[in-house]
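Q: So the chains spell out like this:
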Amino acid sequence: MNKEVIIETKGLDLTFETNDGPVHALKDINLTIEKGDFVSFIGPSGCGKTTLLRVMADLEQPTGGTCTVNGVSPHEARMNRAYGYVFQAAGLYPWRTIGGNIKLPLEIMGYSKAEQAERVSKVLELVELDGFDKKFPWQLSGGMQQRASIARALAFDADILLMDEPFGALDEIVRDHLNEQLLALWARTHKTIGFVTHSIPEAVYLSTKIVVMSPRPGRIADVIESTLPIERPLEIRDSKEFIEIAHRVRDGLHEGHSNG
Amino acid sequence: MNWIIGALVFWAVMWVLNVKLSKGPQTRFISLLVPFIFGVTLLVLWEGIVRGFAISPILLPPPSAIGVRFANSLPILWVDFVQTFVKGAMSGYILGCGSAFLVAIAVDRSPFLQRGLLPVGNFVAALPIVGMAPILVMWFGFDWQSKAAVVVVMVFFPMLVNTVEGLKASDHMQRDLMQTYGASYWQGLAKLRLPAAMPFIFNGLKICSTLALIGAIVAEFFGSPIKGMGFRISTEVGRLALDMVWAEITVAALAGSAFYGAVALIEKAVTFWHPSQRG
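From first to last, the protein sequence lines stand for chains G and P. Note that this note's numbering numbers the first sequence so that position 85 is 85, with each residue one more than the last. Every number in this note's numbering is 1000 more than the matching position in the second sequence, counting from 1.
Since the hints were derived computationally from the structure, they do not count as laboratory data. Possibly wrong hints are sitting among the right ones.
Simulated crosslink set (DMTMM-like; lysine to aspartate or glutamate; CA at most 25 Å straight-line) [said to hold, decoys possible]: (1) 1191/P to 172/G; (2) 1191/P to 76/G; (3) 1191/P to 107/G; (4) 209/G to 133/G.
Just some of the chain G residues that point at chain P, by a computed CB distance under 8 Å [to be verified]: (5) 57; (6) 59; (7) 62; (8) 78; (9) 79; (10) 93; (11) 94; (12) 95; (13) 104; (14) 132; (15) 136.
Glycine is no exception: its CB is placed at the ideal position from the N, C-alpha and C atoms.
Produce the entire structure from the sequences given, and follow the hints as far as they go.
A: Below, the structure written as structure tokens:
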């Protein structure tokens, strides 16, 4: 059975012009993301994984090749509010309460007041922050802030969620917990997720598909379809299958390095 | 001699009292009482020394004489206050800061203005106020309008620079976030960049609040109707009525502090979220 293609790139190239000359950030990226996929992008810094995600989000313009999101250009997809984007830092506005921050995209997109309130309470529940809507961001821990920022990206119920190392700044224990929550959320909402990380266990634990990237120029070294079941308790990370996939990711990263 | 000894003794007693109070528990009342005692002590010292050494009231009148003059001249002081502060300084402040704010948004939208207007603004800000004031009095007449014009010239640039700087204060990620929502320029301005600029804008408003009063008073030295704080100061100096000059200075100090304090209070309410205000 063929699933619906959500994001597709063909021969994608991106060169940044810098003062030190051109930097080849992405080279010949060919990738297909299907509906309901959880795709991780993993690689060392400078491999272009964040840039690739930003191209999909229309925050960077490719210099060659094509990228389509929901069958249209990233620009159109952005204007259609096709995706929610979660950044490395929570980036909540300190002058707004948690509830106010989650309302922000809804206000911009012109939802009615009643619907705003309803959606805020719904997504706060999804990220287990119910009761915190009147708090200000600086009154919350880093992990809670990042959960609020995920809630903000979920508020307008886009089918695609793009996440750029959302848990990179958090400690291991909080990160494990959020990974578990993210999987539960994905199972409940059936969203298509693009997830940038530099943690191998995180990528293997979360993904249905792992895109291993290597630097200079940023390119895809390997694409691994995960064979792990959809139901994933944290203990799965000790299973033989998990370790095998992690091994393959590591090999892909090594290969990319020695070639580059 | 008694005056001097009395003043020194009072000073010493109050010093000891303040040291004791500062070491004790810091309630709100005590934290207000300590500077109050300090101020009163200064006034008593001033009074004692001026009277003890029989200093000419033209050089320095004792605070009691200033107080008596102040109390006896309330109607005049009020007229001067309205003329200089309410009409001259406030209208100039509102016009100057308001137009600087609007120009800042125009500058923000247009790189051409950013490169063209900021250097011109810089140039205008460098013009000495005592040079500009007589010209503006010629242009706008003796009444408060010319004082307001001087204030506009004085406050415009600091306000402009602060607002332009503030509009750059939001970080890249927050602006990217607005983009992912497909927000328009004005939505981004209203919901992100203006709130983020508020600490800078209030910084400008506070600086300008003191500049406005200075500008309005100084401008009156170059021609004014027969009222106004600057007019009163310059004429009463000529009549050697220094107690009246000091009374006007008191009015200026009170009005200036109250004005600054009011702006700071609004700032606290608006930028409660900023690390410098969270406390």
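Q: Now tell me if each hint is right for this structure.
A: We went through each hint and held it up to the structure:
1. Taking the CA atoms of residue 1191/P and residue 172/G, the gap is about 34 Å. The hint is violated against a cut of 25 Å.
2. Distance hint between residue 1191/P and residue 76/G is fulfilled; the C-alpha atoms sit about 23 Å from each other, no more than 25 Å.
3. Proximity of residue 1191/P to residue 107/G is assessed by CA-CA distance (about 9 Å); at most 25 Å being required, the pair is judged to hold.
4. In summary, the hint linking residue 209/G to residue 133/G is not supported, as the alpha carbons are separated by about 34 Å, beyond the 25 Å threshold.
5. Hint on residue 57/G holds. Least Cβ distance to chain P is approximately 6 Å, under the 8 Å limit.
6. Below 8 Å, beta-carbon pairs count as interface contacts, and residue 59/G has one with chain P at about 6 Å; its hint therefore holds.
7. The restraint placing residue 62/G at the interface with chain P is violated, with a minimum CB-CB distance near 16 Å, outside the 8 Å limit.
8. Hint on residue 78/G holds. Least Cβ distance to chain P is approximately 6 Å, under the 8 Å limit.
9. Nearest Cβ of chain P to the Cβ of residue 79/G: about 5 Å, under the 8 Å cut. The hint holds.
10. Proximity of residue 93/G to chain P holds as hinted, the smallest CB-CB distance being about 7 Å (cut-off 8 Å).
11. Interface hint status for residue 94/G: upheld, as the beta-carbon distance to the closest one in chain P is roughly 4 Å, under 8 Å.
12. Contact between residue 95/G and chain P, as hinted, is supported at the beta carbon level, the nearest pair being about 4 Å apart and thus within 8 Å.
13. This hint holds: residue 104/G has a C-beta 6 Å from the nearest C-beta of chain P, less than the 8 Å allowed.
14. Residue-level restraint check for residue 132/G is violated (minimum Cβ-Cβ distance to chain P is 16 Å; threshold 8 Å).
15. Proximity of residue 136/G to chain P holds as hinted, the smallest CB-CB distance being about 6 Å (cut-off 8 Å).
In summary, the numbered hints that this structure violates are 1, 4, 7, 14.
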